[in-house]
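With chain E's structure known, arrange chain U on it following the hints.
2 protein chains.
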Amino acid sequence: MSRTLINDCLNKIGEKVILNGWIANIRDHGQIAFIDLRDWSGNVQIVTNEKIEYGKEWVMEIEGIVKKRDDKAVNLKVPTGTIEIEATKITVLNKSETPPFPIDSDGTELEENLRLKYRYLDLRRHRLAEIIKKKHKYILAVRNWMDQNGFTEIITPLLTTSSPEGARDFLIPSRIHKGKFFVLPQAPQQFKQLLMVSGVDRYFQIAPCARDEDPRADRHAGVFYQIDIEISFPTIDIIFDTAEKLMKDTISTIAPQKNIATFPFPRITYTDAMNKYGSDKPDIRFGLELQDVTDLLKNKTDFNVFNSADVIKTIIVPNGSAFSKTQINTLESASKEKGAKGLAYVKVTDTGFDSGISKFLEPLKSELIKNLKLNVGDLLVFVADDLKVANKSLGYVRNLLGTMLNLNDPNLLSFAWITGFPFYEINDQGKLDFGHNPFSMPKGGAAALDSQDPLSIESMQYDLTLNGFELASGSIRNHEPETMVKAFEKVGYGRDEVIKKFGGMYNAFHFGAPPHGGWAIGLDRLLMLLLDEPNIRDIYAFPLSSNGVDVMMGAPGVVDQQQLDDVGLSIVNEKNKKQEK
Amino acid sequence: MSRTLINDCLNKIGEKVILNGWIANIRDHGQIAFIDLRDWSGNVQIVTNEKIEYGKEWVMEIEGIVKKRDDKAVNLKVPTGTIEIEATKITVLNKSETPPFPIDSDGTELEENLRLKYRYLDLRRHRLAEIIKKKHKYILAVRNWMDQNGFTEIITPLLTTSSPEGARDFLIPSRIHKGKFFVLPQAPQQFKQLLMVSGVDRYFQIAPCARDEDPRADRHAGVFYQIDIEISFPTIDIIFDTAEKLMKDTISTIAPQKNIATFPFPRITYTDAMNKYGSDKPDIRFGLELQDVTDLLKNKTDFNVFNSADVIKTIIVPNGSAFSKTQINTLESASKEKGAKGLAYVKVTDTGFDSGISKFLEPLKSELIKNLKLNVGDLLVFVADDLKVANKSLGYVRNLLGTMLNLNDPNLLSFAWITGFPFYEINDQGKLDFGHNPFSMPKGGAAALDSQDPLSIESMQYDLTLNGFELASGSIRNHEPETMVKAFEKVGYGRDEVIKKFGGMYNAFHFGAPPHGGWAIGLDRLLMLLLDEPNIRDIYAFPLSSNGVDVMMGAPGVVDQQQLDDVGLSIVNEKNKKQEK
Numbered sequence: 017m018s019r020t021l022i023n024d025c026l027n028k029i030g031e032k033v034i035l036n037g038w039i040a041n042i043r044d045h046g047q048i049a050f051i052d053l054r055d056w057s058g059n060v061q062i063v064t065n066e067k068i069e070y071g072k073e074w075v076m077e078i079e080g081i082v083k084k085r086d087d088k089a090v091n092l093k094v095p096t097g098t099i100e101i102e103a104t105k106i107t108v109l110n111k112s113e114t115p116p117f118p119i120d121s122d123g124t125e126l127e128e129n130l131r132l133k134y135r136y137l138d139l140r141r142h143r144l145a146e147i148i149k150k151k152h153k154y155i156l157a158v159r160n161w162m163d164q165n166g167f168t169e170i171i172t173p174l175l176t177t178s179s180p181e182g183a184r185d186f187l188i189p190s191r192i193h194k195g196k197f198f199v200l201p202q203a204p205q206q207f208k209q210l211l212m213v214s215g216v217d218r219y220f221q222i223a224p225c226a227r228d229e230d231p232r233a234d235r236h237a238g239v240f241y242q243i244d245i246e247i248s249f250p251t252i253d254i255i256f257d258t259a260e261k262l263m264k265d266t267i268s269t270i271a272p273q274k275n276i277a278t279f280p281f282p283r284i285t286y287t288d289a290m291n292k293y294g295s296d297k298p299d300i301r302f303g304l305e306l307q308d309v310t311d312l313l314k315n316k317t318d319f320n321v322f323n324s325a326d327v328i329k330t331i332i333v334p335n336g337s338a339f340s341k342t343q344i345n346t347l348e349s350a351s352k353e354k355g356a357k358g359l360a361y362v363k364v365t366d367t368g369f370d371s372g373i374s375k376f377l378e379p380l381k382s383e384l385i386k387n388l389k390l391n392v393g394d395l396l397v398f399v400a401d402d403l404k405v406a407n408k409s410l411g412y413v414r415n416l417l418g419t420m421l422n423l424n425d426p427n428l429l430s431f432a433w434i435t436g437f438p439f440y441e442i443n444d445q446g447k448l449d450f451g452h453n454p455f456s457m458p459k460g461g462a463a464a465l466d467s468q469d470p471l472s473i474e475s476m477q478y479d480l481t482l483n484g485f486e487l488a489s490g491s492i493r494n495h496e497p498e499t500m501v502k503a504f505e506k507v508g509y510g511r512d513e514v515i516k517k518f519g520g521m522y523n524a525f526h527f528g529a530p531p532h533g534g535w536a537i538g539l540d541r542l543l544m545l546l547l548d549e550p551n552i553r554d555i556y557a558f559p560l561s562s563n564g565v566d567v568m569m570g571a572p573g574v575v576d577q578q579q580l581d582d583v584g585l586s587i588v589n590e591k592n593k594k595q596e597k
Numbered sequence: 017m018s019r020t021l022i023n024d025c026l027n028k029i030g031e032k033v034i035l036n037g038w039i040a041n042i043r044d045h046g047q048i049a050f051i052d053l054r055d056w057s058g059n060v061q062i063v064t065n066e067k068i069e070y071g072k073e074w075v076m077e078i079e080g081i082v083k084k085r086d087d088k089a090v091n092l093k094v095p096t097g098t099i100e101i102e103a104t105k106i107t108v109l110n111k112s113e114t115p116p117f118p119i120d121s122d123g124t125e126l127e128e129n130l131r132l133k134y135r136y137l138d139l140r141r142h143r144l145a146e147i148i149k150k151k152h153k154y155i156l157a158v159r160n161w162m163d164q165n166g167f168t169e170i171i172t173p174l175l176t177t178s179s180p181e182g183a184r185d186f187l188i189p190s191r192i193h194k195g196k197f198f199v200l201p202q203a204p205q206q207f208k209q210l211l212m213v214s215g216v217d218r219y220f221q222i223a224p225c226a227r228d229e230d231p232r233a234d235r236h237a238g239v240f241y242q243i244d245i246e247i248s249f250p251t252i253d254i255i256f257d258t259a260e261k262l263m264k265d266t267i268s269t270i271a272p273q274k275n276i277a278t279f280p281f282p283r284i285t286y287t288d289a290m291n292k293y294g295s296d297k298p299d300i301r302f303g304l305e306l307q308d309v310t311d312l313l314k315n316k317t318d319f320n321v322f323n324s325a326d327v328i329k330t331i332i333v334p335n336g337s338a339f340s341k342t343q344i345n346t347l348e349s350a351s352k353e354k355g356a357k358g359l360a361y362v363k364v365t366d367t368g369f370d371s372g373i374s375k376f377l378e379p380l381k382s383e384l385i386k387n388l389k390l391n392v393g394d395l396l397v398f399v400a401d402d403l404k405v406a407n408k409s410l411g412y413v414r415n416l417l418g419t420m421l422n423l424n425d426p427n428l429l430s431f432a433w434i435t436g437f438p439f440y441e442i443n444d445q446g447k448l449d450f451g452h453n454p455f456s457m458p459k460g461g462a463a464a465l466d467s468q469d470p471l472s473i474e475s476m477q478y479d480l481t482l483n484g485f486e487l488a489s490g491s492i493r494n495h496e497p498e499t500m501v502k503a504f505e506k507v508g509y510g511r512d513e514v515i516k517k518f519g520g521m522y523n524a525f526h527f528g529a530p531p532h533g534g535w536a537i538g539l540d541r542l543l544m545l546l547l548d549e550p551n552i553r554d555i556y557a558f559p560l561s562s563n564g565v566d567v568m569m570g571a572p573g574v575v576d577q578q579q580l581d582d583v584g585l586s587i588v589n590e591k592n593k594k595q596e597k
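Protein chains in written order, with my numbering: chain E, 17 to 597; chain U, 17 to 597.
A couple of the hints might just be wrong.
Note: identical chains are not told apart, hence a pair may lie in one copy or across any two.
As the list claims (entries may be wrong) - Straight-line distance between alpha carbons at most 30 Å, and here's what the computed DSS-like set of lysine-lysine pairs gives:
{"#": "1", "residue 1": "K261", "residue 2": "K153"}
{"#": "2", "residue 1": "K84", "residue 2": "K297"}
{"#": "3", "residue 1": "K194", "residue 2": "K133"}
{"#": "4", "residue 1": "K517", "residue 2": "K72"}
{"#": "5", "residue 1": "K459", "residue 2": "K506"}
{"#": "6", "residue 1": "K111", "residue 2": "K502"}
{"#": "7", "residue 1": "K150", "residue 2": "K261"}
{"#": "8", "residue 1": "K83", "residue 2": "K93"}
{"#": "9", "residue 1": "K381", "residue 2": "K341"}
No wet-lab data here; the hints were simulated from the structure.
Chain E with its partners taken away, still in its complex shape (with noise of 0.2 Å):
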């Protein structure tokens, strides 16, 4: 007789089963006693009146007839609520010692590293065992969704070359060719292009990348997982269309109670998604939008603040009136951690406006109100400064303003494109630098790059934002080798330099690259927001720690000197390199 999963006794009443799985929970009331047991499919209790001479979460076979729970007995909270099993036969496969934690809670009161530690019973609990299962439910649903929309997975190497996505690589020394090393992908970015070039239409890969960073919030250490797609002869509503659809084809696998605000997704420059929300990962799930005021306030009083200002823009916070002294403080402080001096507001009141600088205000107050369209109850806040400074400091109030007034509904989800990134940017070290891919194709093309000043170029690249996260980030390629070429001169990469780095890439747009062009999803990001998981780790089964260990594996660890003579390296002592020195 074979087993069953626990979750199927019910369809199994009156019938005689064997159960395998780990003790929950033991109520030992002597002559009677309850085992709650655990396998990968639920719960159910199990009535005994043997003696209990086991304990938590040991391995246990049962076997037992499945009875139908009286009608006060039933515990609606479980899905085996409704039947119990009677054990006619108690066989222990293996024990358990004490278990260092609690497996019944959520976890996530529990110090990390511990849990890391004794991760296989971390993953016990029915938090974790979840996040595996719609996991994995999810990532098979956009592999089916791919293939029914025409695209291919293809595997690219593990084993490859420094490409420019900007990160540290991760090394691998060559055994064969000692001195010489191989690097994990950052992303399938070169292959997938490749693959563009060999033909294939509509390129798809759940794709590991690595990037050897220090450990962020956001981002898992080492590897992280992209759904990564490139089309050929595209259009950019193609490419568009291909994540609106494949998000709300998908997302109810897992995640039922989510609802996408707008279909398809809206569309905002980079300049508007600046000016109106002060972010480029704006959270469109809400309104409160920043407004430019400086016609109406520059130089129309006497607050010197607003007349020094390059720009003076506004939240206009409907009902803020309500706020505390404590609440105002909060939303200036955030504002000042962003770079603005200071955060002045007023109240509109029934009588008038209300707050410090009502008296500069005042006179203007029934122009202000007719412009902004305002109401009694409203909040407003300003940052006078350059554009820059305002637009972020405001932006972060914006979202501290989403999350103070409830206003970020987690079951809704507000897709956007980002669209008209300038192509070029100032880097830190004041030098011309690419923006963001430097595979994407400027707009305007070679003539662009001839003509314009650079930092009015834009690129044909695009965010995809989801509730203040950036989700995803593609671009219509440069297919172009000439163009590649002059792209990265700009950038004072000469000719030699473009062969050296990315020869592969610039000797294939010589054999007929089509046009193509694609993005990746990041699914850690995606599955975070759709099962409501704010620890990135939680969504891997066997994740790095927070500072980029393995603490249950002991990775890194030390190897031993034949591994390190086989691929030709020593370990630089650093005492003695200062010494050296």
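Structure of chain U alone, referenced to chain E:
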């Protein structure tokens, strides 16, 4: 108007279409020209009376009308041979230099490294595009089958620690923890077992496995892929059944012409496999079993070679007496390659035995004919040696016979389970070592380790073979920490060493490890057999070359000093090192 894929033109006769693709060929007759246009879906003939000012592999946009061809012009060799496109507008989207090799062949005639250098052109050929498409379809079919059969795909880490698969690890130096190294997983063995401890019922993964081995013909250099599964609370039948049904249900996706010879798959003990087929991965598409004739022949004649040997074994080849001397010499050379001192033979003719040793055997003729059920026309080949050499050399001869006699029909899939492998063996250094996977359960468990001669202990390990290849390997695992320590102690590992090397798993097994087992199927090997592709590298879109480098991307490559400093390593200069000594 949006673009149409070429193969979709078949349903659009009379309609206007826009096609995008590459010029596969041009036949220019002056007044009229025929362009063979290729895209991912297929090829089609374009008819134009424009002047041809473009060449092979140029990227084109063709506007035109889909026309039914005249009956005389129909070409049934191509799927679109009943139609052609009357071009109304031809646009060059991108030029191409002349490719360094033809793309319309299957490519096997070309020097492989040249193909790999221009892999993006090589992949345009039909054969390779078909492999990419079928590989995608197959893996997706596997994933859906797994899901439907209760398996959950779980991604295990790429940055991990050394594991005991026995090959060399690829090292990844840690930047944050200088002097320490991650390694790429040789297989997810430990993680999948830890998932069983985590309560996952059925795990699977299309798993990357990285082994720094010298390049082999049957394994892709660097990284290869497995269909990897693990099941908790299994029986051997459940584990076998899973592989059998998976094969049965998925193979037709990409190889409908292939038939499984025997279902469920036959189970052969290791001892029987060696004795009957001279191999632990026998090709059982044909018989030609090895027969032990020691009792019949040893000390029954004056032929000293037979009398001095431990065993005498033979293969009876029906109708083999037609073999020429040259063919028999080929068989003898093969037997010697595997250690036999020679290959005796007799042909059964209607007048008696015919061969150099017939004078010895003639007196035993009627006994041999009776016992071995010989027929006129049979050929018998003999090896007399110790059992190991006799089996091995005749096993090799048997495979050669299979080829010579055309008994290995590629469309017949003869799977078999090989069971009962020895748990321990004597290794090349003359010491007791694990025969196969050290994480397998020894048959009889701890008791067997305590009481049996180690070399007599069987492993609960099994291989799945297909047409003479090892396709998969698996086992019921050793889930008891004390039995694990005992098993390792026999080969000289102390408890401390077990804890040091496999501490994660050793610790985990103390917290309620369920009985579990599984297998991993070599995906590349399976695809090679299903697609009749002899070159494992062609199963990959971007393989490493036969000497383990990526000639297109230039991997492995040189890294700069800063990258070495980041991870605290220096390259050992071999010359300096020798001078020091």
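Evaluate K111 and K502 at a C-alpha cut-off of 30 Å and name the case that applies: within, between, both or neither. For K111 and K502, only the inter-copy Cα distance (18 Å) is at most 30 Å; the intra-copy one is 68 Å.
Within, between, both or neither, where K381 and K341 count as close if Cα-Cα is 30 Å or less: within (22 Å within a copy, 113 Å between copies)
Using 30 Å as the alpha-carbon threshold, which applies to K150 and K261: within, between, both, or neither? both (20 Å within a copy, 25 Å between copies)
I want to check one pair: K194 and K133. Are their C-alpha atoms no more than 30 Å apart within a copy, between two copies, both, or neither? Only across copies: K194 and K133 sit 22 Å apart there, 36 Å inside one copy, limit 30 Å.
Same-copy or cross-copy closeness of K84 to K297 [CA-CA at most 30 Å]: neither (53 Å within a copy, 52 Å between copies)
Given a CA cutoff of 30 Å, do K517 and K72 count as a within-copy pair, a between-copy pair, both, or neither? between (57 Å within a copy, 28 Å between copies)
Status of K506 relative to K459 across identical chains (alpha carbons, at most 30 Å): Within. Shortest intra-copy distance 15 Å satisfies the 30 Å Cα cut-off; inter-copy 69 Å does not.
Could you place K83 and K93 in one of the four classes (within, between, both, neither) given a Cα distance threshold of 30 Å? within (18 Å within a copy, 66 Å between copies)
Same-copy or cross-copy closeness of K261 to K153 [CA-CA at most 30 Å]: both (18 Å within a copy, 22 Å between copies)
Hint compliance for this structure: hint 2 alone is broken.
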